[in-house]
Amino acid sequence: MTRVGLLSKEQVSESFREMYRRSEERGQEVLNVVKLLANCPQMGQEYFRFAGSVLRGENVAMKYRELATLRVGNLAGADYEFLHHTPLGLSAGLTRKQINEIDTWSESTEFDEQERTVLRYTDEVARDNCVTDETFQKLREYFSEHDVV
372 MTRVGLLSKE
382 QVSESFREMY
392 RRSEERGQEV
402 LNVVKLLANC
412 PQMGQEYFRF
422 AGSVLRGENV
432 AMKYRELATL
442 RVGNLAGADY
452 EFLHHTPLGL
462 SAGLTRKQIN
472 EIDTWSESTE
482 FDEQERTVLR
492 YTDEVARDNC
502 VTDETFQKLR
512 EYFSEHDVV
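Taking the numbering used here, the leading residue of the sequence shown gets 372, the next gets one more, and so forth.
You may find that some hints are simply not true.
Said to hold, decoys possible - Pairs of lysine-lysine, DSSO-like flavour, derived with a Cα cap of 27 Å:
| hint | residue 1 | residue 2 |
| --- | --- | --- |
| 1 | LYS434 | LYS509 |
| 2 | LYS434 | LYS380 |
| 3 | LYS509 | LYS468 |
No wet-lab data here; the hints were simulated from the structure.
Kindly produce the complete structure, drawing on both the sequences and the hints.
See the structure below:
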């Protein structure tokens, strides 16, 4: 149950109607985050511009972006986020077993060294808000400064 209303297509601004229309054309349900942010159209538009840039990335493969997103969802107990990013992770090249073992990734044999580094970095950012020099150095073996940003 939400505390802030989720707006229907008839209630939203013209800019948000376009988002609803595109979802409908693809045969997809309009995501609740879209319905929620439609309450504040200007902020919502800016949010989606930023979020789209993050999701598309520039050089970092979608597999690693989705791996980090799924781990953050897992750490935060954000079932909705995890549920919605699972198909994206699968289409990006993660396996069902990897996704199922993301909670215990450090003991799992399903992740290669680069994936483990992404997960370690994600854990340190999400849990501690501080990345160790060792983790950052390892991350830089796989990703440029540009990629890290």
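Each hint tested on the structure:
1. LYS434 / LYS509: Since the Cα atoms of LYS434 and LYS509 sit roughly 18 Å apart, the hinted pair holds (cutoff 27 Å).
2. LYS434 / LYS380: With a Cα-Cα distance of about 32 Å, the restraint between LYS434 and LYS380 is violated, given a limit of 27 Å.
3. LYS509 / LYS468: Distance ~25 Å between LYS509 and LYS468 Cα, so the pair holds.
Checked against the numbered hints listed earlier, the structure breaks hint 2 alone; every other hint is satisfied.
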